[in-house]
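Hints are included, so try docking the two chains, each in its own frame, into the full complex.
This is what each chain is made of:
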Amino acid sequence: MNLNFHESFQRMVDESLAGTISAEKQQSLREHLSTCVPCQEYLSASNRVIAGLSGFSFEVDPTLNAKVLAALRLQAQQVSSAQPRRLQLMRRHIVEYKVGAAFSVALLLSIVGSAFVYEVATLLLHFDTAQVRTDVLIFWLLPSFCATLCLLATPSEKRGIA
Amino acid sequence: MESDTERIALGLRQKDVAVLEKLVEQYQYRLVRYLVSLLGRRDGVDDLVQETWLRILERGESYDGRSRFEPWLFRVARNIALDAMRKRPMFSLNSNEEDVVRSSPGSSEPSPYTLAARTQDAERLAHSLQALEPAFREALMLRFQEDLSLQEISAIVGAPVSTVASRIYRGLATLRPQFEGEPA
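Chains as they are written, first to last, in the working numbering: chain A, 16 to 177; chain B, 15 to 198.
Here chain B stands alone, though its shape is the one from the complex (with noise of 0.2 Å):
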């Protein structure tokens, strides 16, 4: 029996507007999602979000069916997101470690985690994720929002999987004593 993710691939081989009608209705936010916390911004991004769909629509045969859709998906936003940033100047690149994203937004404008904050420890966590570095907050956010596992962290970074648990290990270490010593 054809299974989800076949389904997926095939109607990506024929380039199925139906198919993707679905996907972006589907996956479309987590999309979003998942740009914020690498951007560590909120403006710009829908542009990448049809460019995303777009990228999908033309080379969507490169998806083999036998993995989860989402790390793919993932994977072929942070390339677009990449090129953006090489493109403009309103974004740079650190290419000295592994195509680690660092975001600039301007001091004045307010943080997207301070606006989407809605549980009083995303608030409390909101300035600190935005000052993170990017490649720890990417990690864990696609580990603890999106639920990839290592693996398929270490498949949309292109990076060892030591590496993805080394930076989740220390995004933890960074947020975590605004937390300590505090009842739970």
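Just chain A, with the same shape it has in the complex (with noise of 0.2 Å):
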């Protein structure tokens, strides 16, 4: 038997250690395990190497268990805290846009049915247009246009809506 040929089926204990070895090859092996002494003592002294790295045993700061649960229930204590806190944050800008959307959109409709008023009562009525400016203005777009403009100043809490 050559250097190769045990090469190779050291390359296989090493396979099967590492867990990597197919069934095939690791019959293979077993049957040259049976009958070759060199590969028999290169297995050997693979298992004195995996059998001494379990040998070892680390001490740990018996206090390190309580310093590490303490620290992480600090953590999850500022975590829940300050998570209804930005919750509540966000649901009020939420509602604080819908309102504010809301008010834009009433608006851009008041002016447009202003002008759509307007339109109809000067031209297709034959309405006095600086009466029907003047009406317009006073009793249809200055009150939504203020009325807006409140609503928006007023705090969402007192508009009953957060």
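Hints were generated in silico from the structure; no laboratory data involved.
Away from chain A, derived, C-beta distances all over 12 Å, residues of chain B: (1) 17; (2) 18; (3) 19; (4) 20; (5) 21; (6) 76; (7) 79; (8) 97; (9) 101; (10) 102; (11) 145; (12) 148; (13) 173.
Heads up, simulated DSS-like pairs for lysine-lysine below, C-alpha to C-alpha not over 25 Å straight-line: (14) 101/B - 82/A; (15) 29/B - 82/A; (16) 82/A - 36/B.
For each residue, glycine too, the CB sits at the ideal point set by N, CA and C.
Laid out in structure tokens, this is it:
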């Protein structure tokens, strides 16, 4: 048996220990090991290394667990107390955004409506232009504009929404 | 039925401290042991352990519960250790070799392996293990001490399975001569 022949089986020993060997190779290795002393010694030395690796026992500071758990509890508390505040802020922002959007739409509609009424009154019904303009401004556009401004300036809690 | 890993994943998603407490009790020793293997030193490990658990509390939702917990735990710990090594001059990192860890304990300090050896074979290995290429030591320890598969080790170290296998073979080849020519 030449050196390469043994080396190929010793490589199989490594593969077997690492868990990468195929079933077929494993069988072939088993058969070889039953008759080959150098490869048996190789396997034995490898097994001693592996056994040696399991022979270390590190000391752990007995207070380490307590320190870690205390740090975890503190961190968890901080996270849980920060979460509702963040949620509350987020919810408030969403409500304010919705209310703002609703008033903007209302204002836009009132402007468009005023323009529409003005056009109908002057072009189709032939009302006096100056009179219609004044009426639209006084009775429709101005109150809705003021109401919108007032509502937007009011905190959302007082609008009974948030 | 919910498996253990799914229960862990759910607990981590909900940031359930009771689940974390159980995990700390269960895995603390293995986490310390892994970090010592990775760094080749004992000092500084406790801080990294604490940082690892805090990171798990913070980003626990990234564990999906479909694979075992310990490879994921070790991967988090490894990332934290690598970050610490980049920041601290007491450790150095060889970035040319896929984030392979290089430790540099002072020569006067006793090796953590010398202090931790509990058997004759372990005593004989202590010195060479300390001197071993850290990537080989890490692969050997994960395979034979933590009993992880090559795929799991590959996921932890971020290297292909073939590279992990090669590190194990080369690590064994370095340590084996100490026991050659002796009766089993």
